[in-house]
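There are 2 protein chains.
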Amino acid sequence: MDATLTNGVVRAGQNARERFYDSRGYGRPVDGGALELAPVEAAHLLYRGDLNSVDGQSFRTFLTSAAVSETAFLVYKDLRDRGFYLSPARGAWVADGVAIERGGAAVDFVVYPRGSGPWDGEVAYCVAVAGEREPVPAASLGDIVLAVVDEESEITYLETARPDIEGTSAIDLPEGVAAELLDERAFVWNPPAELYGRGFYGQRLDDQDGEVLQLSLLEAAYLADRGALAVTGGVEAVLACGRDAEGDRFDRRLRAYTELRERGVVPKTGFKFGADFRTYAHVESVDDLGHSELLVRVLAADHEFAPRDLALDVRLAHGVRKEMVFALVDGDTVEWVSVGRLTP
Amino acid sequence: MDATLTNGVVRAGQNARERFYDSRGYGRPVDGGALELAPVEAAHLLYRGDLNSVDGQSFRTFLTSAAVSETAFLVYKDLRDRGFYLSPARGAWVADGVAIERGGAAVDFVVYPRGSGPWDGEVAYCVAVAGEREPVPAASLGDIVLAVVDEESEITYLETARPDIEGTSAIDLPEGVAAELLDERAFVWNPPAELYGRGFYGQRLDDQDGEVLQLSLLEAAYLADRGALAVTGGVEAVLACGRDAEGDRFDRRLRAYTELRERGVVPKTGFKFGADFRTYAHVESVDDLGHSELLVRVLAADHEFAPRDLALDVRLAHGVRKEMVFALVDGDTVEWVSVGRLTP
Chain Z
5 MDATLTNGVV RAGQNARERF YDSRGYGRPV DGGALELAPV EAAHLLYRGD
55 LNSVDGQSFR TFLTSAAVSE TAFLVYKDLR DRGFYLSPAR GAWVADGVAI
105 ERGGAAVDFV VYPRGSGPWD GEVAYCVAVA GEREPVPAAS LGDIVLAVVD
155 EESEITYLET ARPDIEGTSA IDLPEGVAAE LLDERAFVWN PPAELYGRGF
205 YGQRLDDQDG EVLQLSLLEA AYLADRGALA VTGGVEAVLA CGRDAEGDRF
255 DRRLRAYTEL RERGVVPKTG FKFGADFRTY AHVESVDDLG HSELLVRVLA
305 ADHEFAPRDL ALDVRLAHGV RKEMVFALVD GDTVEWVSVG RLTP
Chain W
5 MDATLTNGVV RAGQNARERF YDSRGYGRPV DGGALELAPV EAAHLLYRGD
55 LNSVDGQSFR TFLTSAAVSE TAFLVYKDLR DRGFYLSPAR GAWVADGVAI
105 ERGGAAVDFV VYPRGSGPWD GEVAYCVAVA GEREPVPAAS LGDIVLAVVD
155 EESEITYLET ARPDIEGTSA IDLPEGVAAE LLDERAFVWN PPAELYGRGF
205 YGQRLDDQDG EVLQLSLLEA AYLADRGALA VTGGVEAVLA CGRDAEGDRF
255 DRRLRAYTEL RERGVVPKTG FKFGADFRTY AHVESVDDLG HSELLVRVLA
305 ADHEFAPRDL ALDVRLAHGV RKEMVFALVD GDTVEWVSVG RLTP
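Residue numbers (the working numbering), protein chains in the order written: chain Z, 5 to 348; chain W, 5 to 348.
One or more of the hints may lead you astray.
One copy or two, either will do: identical chains are not told apart, so a pair holds if it fits within one copy or between any two.
What the hints assert, rightly or not - No farther apart than 20 Å at their CA atoms in a straight line, the calculated lysine to aspartate or glutamate pairs in the EDC-like style are these:
(1) Lys276 with Asp82
(2) Lys81 with Glu215
(3) Lys81 with Asp229
(4) Lys276 with Asp313
(5) Lys276 with Glu327
(6) Lys326 with Asp313
(7) Lys276 with Asp54
(8) Lys81 with Glu163
(9) Lys276 with Glu158
(10) Lys276 with Glu138
(11) Lys276 with Glu263
(12) Lys326 with Asp176
(13) Lys326 with Glu163
(14) Lys276 with Glu308
(15) Lys81 with Glu156
(16) Lys81 with Asp54
By construction, these hints were calculated from the structure, which means they are not laboratory data.
If you're wondering where the values come from, they're calculated on a predicted model, not measured in any experiment.
Here chain Z stands alone, though its shape is the one from the complex (with noise of 0.2 Å):
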């Protein structure tokens, strides 16, 4: 069968509708019985040999073209393989009622789930495609799922949703605890007992209750805001100190810990893994901590990934069994993303 190309739309007649729609979910039938197809769609068609050429071009001709792009045809193609079925979500691409946004990305497919077609409207996923290299704002995640095709046309596929961060840890804390401000930490040399041993604020410097405890210079700042810390220049003193550390960075992380600590969870540091923080939602004693469950990275809302670095945190995240979040972070407000993998 042959198939035309007019102005981006590709058009196959006789029984293309029953032989490509009605049974295998490509394309939109259109008045006259004749099948509407989308680029991407007719060649994973002249791929398989079920179309002979469309505007005269082959597989690789058309893939080639301008009409078509590679990396929407790998990720199309690897869906296929996988099972499903899936449509491209462009324009009038989609049957009505399907949403062709999702939180301002743009969606390149909508995936059925398997054993449904676009027939059912029932959805699986939200695609969208990127290159390895195409930056990513992460103001656009949350409800999509992300198809990343890298260099050697490989597939890695990461769930984006937008989370409830909650907790049940928190405790009362003390007054006007003294403090030493250092270079890049404080020092409380007399600690009450639950502000470690409960609250988990900071880390002792040798295992044994009622030494010196030592505290970063956010945890410092969260405590003296609340009049818990008593340090000489009051929390002006740590947050210049802070600032002088790491600038703007300081005030966006120190606003992601507050709000953590607001919903009842522990942030730690999570240098280890290279993250801002990790986190704990039920501490109630020290002596009883379970793993932490989050990664947290913070970062500013208008922040753009680069797809290779998204990999790197949530296969890190994937082989410490935590889930990865990003706290996106612009002025007071606060949007939580987590990013996962996921196998189709």
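Use these hints to put chain W onto chain Z, whose structure you have.
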């Protein structure tokens, strides 16, 4: 016992030599039976209560004074807690014959093997201390152990080396295989079997012999440069494509790719691990592939690490049981530096 501080050197008399040096490896004996100590050593003796004061200062005051680096103290204490004797390595503090600089890195502590001390002259580690926000020049790594003190005063020890990168993978390349350049990859429509099957170049579009082979731009550039691939515009066209996609990074990555291939090592994309390459040292046949041994990140020779990014790379590599290696590229030269976690 009280000690004095003059010109950055602490001095103790009485039986300090016997109590601190002879029996526990602190300081440096001087004429007349006195003992000289670096401030960090004196701070530790104050902390332990072995010294009462230095220039009238208690531990708290001395530690927070300008005389002592808080991060150096934390590392010194940690290594002492782990059972090591160690000497500050700056200036005149090291026994004759022990180098105080290793490959351009300023060494902070010379650490002796457990059971040895400064009088033995054996060295277990040369340790450089860094706060987590201190940039670390990549070129300074290779002969030292980096002790990174994070914001919560935990210490991460990273062992660095200059590995020999070698392998036994190599095939006689075919000549003039026709390939087509797309935006960010090349397609070989009729690949000779050994290109993928034994050379492990590219990736098959489907898992079938004789199927179209996809090459990354790096692979295509390498093969075109050697006359193995015939592509319109030659290797120049491939280079242009690569530079379009990633600027100078492409040339650096190509240099590293080339050197790996020349050493008999097969580089494949490291995207899923957030690295540039994963490498296989002994590829005879693709059907019989073991696990890749190294993860490689390609950097400019003058790159400076944020310690946290180093921690991330090393943690991930460890989690997937591979060695983390950095390729430092300066024009045609590549230097190889491996970094791994160490528990001293």
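For this session: Hint by hint, work out which the structure violates, then give me just those numbers in ascending order.
Result: 3, 7, 11, 12
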